[in-house]
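Visitor: As a plain string of letters, each chain reads:
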Amino acid sequence: MSKQVLSLLQERFGAKILAVDSFRGDDEAHVAPEAWHEVALFLRDDPACAMDHFIDLTAVDYPEREPEQPRFDVLVFLRSLRKKHRIRLKTRVRDGQQLDSLTSVWAGANWTEREAFDLFGVRFKSHPDLRRILMYDEFVGHPLRKDYPIQKTQPLVAYREVGATKLPPFGADEGTPFARIDWLARMQGRNQQVSPAIAVQQGQQPALSIRREDTGPDAPLGQPVRPDQPGQPDQLGSKA
Amino acid sequence: MEPIYEHEEETALELPSEPMRLNMGPSHPAMHGTIKMQLELDGEVIRNIDIVPGYLHRGFEKSCERGTWTQCFPYVDRLNYVSPMLNNVGFALAVEKLIGIEVPERCKIYRVILGELARISDHLTCNAAGCMELGAFTPFLWFVKVRDWIYDILEQETGARITHSFGRIGGMAKPPTDKLKQAVRDIIPQVDKVLAEVSATLVRNRIFMDRCQGVGTLSQERALSLGVTGPMLRATGVDYDVRKAYPYSGYETYDFEIPIGHDGDTYDRFMVRMEEVRQSCRILEQAIERLPDEGPINVDDPRIILPEKDEVYTTIEATIAHFKIVMEGVKPPKGTVYSYTEGGNGELGFFIVSDGSGTPYRVRCRPPCFLNLKAAEDMIRGNMIADVVPIFGSVNMIGGECDR
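Chains as they are written, first to last, in our numbering: chain X, 1 to 240; chain E, 1 to 404.
Rather than coming from a laboratory, the hints here were simulated on the basis of the structure. Take the hints with a grain of salt, since some may be wrong.
[Unchecked claim] Derived pair list, reagent style SDA-like, types lysine to any residue, alpha-carbon separation capped at 20 Å:
id, chain 1, residue 1, chain 2, residue 2
1, X, K83, E, R222
2, X, K83, E, Y246
3, E, K334, X, E64
With the hints as extra help, turn the sequences into a complete structure.
Guide: Following this line, the structure appears as structure tokens:
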């Protein structure tokens, strides 16, 4: 049935339909990007097609195709409720090239186009509200592009660099400190404010409520205690 | 008696009419799922709404692009974690369509049984949460009780209650256990019983009807244009169910019906799900009778299916086949397919692109609740703020699937 739709499209649009394909029974028409909106409108309104059910819109990235061919495939999946046939439209756009938005044809294209913009960076012309949808606003780049490394992280609160190691974004005096207090050590008279592992890495200053002499006679209050510095008390509070 | 404010100007009594901006979520007791709604309120009436999904985005599609095809199954489980078996089967069918194979009859029936069990648990969970949010806690407990028994069956079959990772390309991980038939025969009357109990207590309850009927309506044309599928679309009166319209796994041979609503309101969505549970029970009854005790469960192809463990240890051919599949993965031919099944919330599609290697080039999940959620904006607009909860509950947004 949808074979007829493909031949109908080829008759009607001629050279603007670049190719048709029916791999494994999925009918696909490759449309020139300038005819994208026009073909979509035709598919919806023509009584022989009647593609009134929007299914999906997505993109695929082929960076190796550049520069001879555009980088992105944008695909829209459609279905007719009455005739039960399905079709997939495909077009190719370059990075930064604007493609007509289908939001005015099917309302469901709104969020899916936002997703394609968010994850691939495909731009849609005359989209009413082209914002990020799955990623957060501060995110830089488009994660589903092939050149975006999968192990790259972009934490909202930056990691703190302490020597060669990375630490979680919260320090000992931030977040929920009660979870980090080493109560066992405190009860044994040691002076960590936090658990020893974090304290050693951070050069943690001792808890204020404990005997002052633990920090050394000359150490000012705010200065961190480092176990490797001579003249400073042991990090595990061996004096106590 | 004379009104106190008779001499006052009427306009002086009016409240300021500036719209108020209210954030609901992303962590809100009545939102099941982390999602934010920005509401523009005029008094208690919602003038405008912006739904902000994405708080559960874990990069499903990106993660799939670095393993083998088989390694996608655990990720797929975590899309719709209320009915993971349907996702497993959906993804397996997509890769099988790309390769061009068909699983044996016994596997098809087994998939139908497990899938319908998952569908029942999905619908029961959604309706249970819907009842509870409207104050009906007893039906919630009844529904969840039966759901737990269904999880027991799935645990007995797959070894895990929720994230089964049980589907395989070209079959299933294990053949059905010999206790399956009796377990399913036992559970069907229990499901019927709880449906009857809830029907008796809740669905004619005045409060429940007032809160649900005529609230959150969606028209047919709008639903189609928005790409709504599943129980939400059927509640508007469209009889679109992938199992009937484009049958897969032998669904055309089962005798069942598609329940539809006529108003597309919250009540219709609730009732459509209730009735679909009954229809799933009908399918289960037929499938249990058909399930053969003997026969292959996987396709007979050493390039796709792992050999038996004892053969791997004793024969060189099986060792090589095992090594090739584990190290290089199943290699579907180069091409793209879109395969779709009926998930818990609607058409669950997988658009997969293969470059001929053992790693997926692109796996796109068409998430039914992502598109359904967009329609929730239309349904909520114009209603009162208290109606957000039942309307949103009847959409059955599953964070894992919506945000992927």
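Visitor: Give a verdict on every hint.
Guide: Now the hints, each set against the structure:
Taking the CA atoms of X/K83 and E/R222, the gap is about 18 Å. The hint holds against a cut of 20 Å. The suggested pairing of X/K83 with E/Y246 holds, with an alpha-carbon distance near 12 Å, which does not exceed 20 Å. Of the supplied pair hints, the one linking E/K334 and X/E64 holds, its CA atoms being roughly 16 Å apart against a limit of 20 Å.
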